[in-house]
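Here the structure of chain W is known, so what remains is to put chain D in place on it, guided by the hints.
Order-wise, the sequence lines are chains W and D.
Numbering-wise, the numbering used here puts 11 at position 10 of the first sequence, and it's gapless, one number per residue.
Numbering-wise, the numbering used here puts 36 at position 35 of the second sequence, and it's gapless, one number per residue.
Source of the hints: derived by calculation from the structure; they are not laboratory data.
Keep in mind the model is a prediction, meaning the values are calculated, not measured.
There's no promise every hint is true.
Computed, partial: chain W to chain D, Cβ under 10 Å [claimed, not checked]:
1. His27
2. Val49
3. Trp54
Pair by pair, the computed Cβ-Cβ distance ranges are [said to hold, decoys possible]:
4. W/Glu7 - D/Asp4: 55 to 61 Å
5. D/Asp27 - W/Val49: 39 to 45 Å
6. W/Ser26 - D/Asp20: 54 to 60 Å
7. D/Pro52 - W/Glu42: 28 to 34 Å
Idealized CB from N, CA, C, for every residue including glycine.
Take a look at the letters that make up each chain.
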Amino acid sequence: MNLPSESVHIVWNTIWVGVVSEIWSHRNRIVFKRGVADASEVFALVQVKVWSWVSTNSRLASFSFSDWCLEPMECMRLVS
Amino acid sequence: MADQLSQLLLGAGVAPGEDDSWIWKDGGLQTFIVSSAYNLVRKDKEADSSPIFRKLWRCKAVPSEALTAWRVLENKLATRVNLSRRGVLIESLRCCLCGKEEESCRHLFFGCSFAWRVWCLLQMAWGSVCVSH
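Okay, chain D solo, but in the shape it has when bound:
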């Protein structure tokens, strides 16, 4: 690391009569601003992440709830199946909402009959509106 830095400095020189000073190369101002550094880091991260996560972070939800949705996509929520996988002792793995199947992320939000009813309500209220437009 130190070698790399000194390599970078090898070609640099200060012209006679000119003062040595710090500049920030990203952006036209040449002075450091936090937002410029933030965007620089964020650009790399955005390129790495898949389109679904980009959509998630661009939506209008408050960050804490977008985080819950991220945990659903990544299967990181503390559902009963995930708790038991982490070694937490729990009485039953059954879904708290329907009581029929094991409570995994996939089941709780998409397979469960309760979740299904919620998605159907959404479809009934707004689905037809979208088709007609």
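Pulled out of the complex, with its shape left as it was, chain W reads as follows:
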């Protein structure tokens, strides 16, 4: 089995940052803007956020949001 490349690790670290920071802003929306706790909303926002970071922040990667949701591993391999 091939080990995941460095770029794949970087994307996973980015996803981790996305989840943690989105949980924190969700928590703040609940505290300060009377939001409602919704785990699927947090996850959906993480997907969008990480896609925008990864696809704008790397020179070679170019993939649509739907590719990112359906074939995340293929997209991760494209990230430089």
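For chain D alone, kept in the frame of chain W given last:
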């Protein structure tokens, strides 16, 4: 400090007929460029920091959100437990998301049932994809 500097200069001399001038020793150009100084400082800092922080700063997240993640790792976020530790008076220490336990960093992001649901969604959507590759 001044003594150290004068010590450094003791051995230095200007050859006759040659003009005294400033040079920047790092890099081949011998002229000062900011990026060279930045990398010099950064190299020291990178060697000091633990691998987890190196991973954090190398990721693709925007700096403001990477900073939030850094604050989670360092337990520096203004969670209710941390606020009360800093002497801020708050009504309840209970977690805003599940209402069951005290809102510490460890609880809010990893122990809380709400956070758990988010991590599970991630695992459901992407975890199986990774295993199959």
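Verification of the supplied hints:
Interface restraint check for W/His27: the shortest CB-CB distance to chain D comes to about 8 Å, inside 10 Å, so the restraint holds. Because the closest C-beta pair between W/Val49 and chain D is about 13 Å apart, greater than 10 Å, the hint is violated. With its C-beta approaching chain D no nearer than about 5 Å, W/Trp54 sits inside the 10 Å limit, and its interface hint holds. The supplied range of 55 to 61 Å is broken by W/Glu7 and D/Asp4, whose beta-carbon atoms lie about 47 Å from each other.
Between D/Asp27 and W/Val49 the beta carbon distance is about 42 Å. The supplied range of 39 to 45 Å therefore holds. Distance hint for W/Ser26 and D/Asp20: a CB-CB separation of about 59 Å, consistent with the stated range 54 to 60 Å. A C-beta distance of roughly 33 Å is found between D/Pro52 and W/Glu42, which places it inside the suggested range of 28 to 34 Å.
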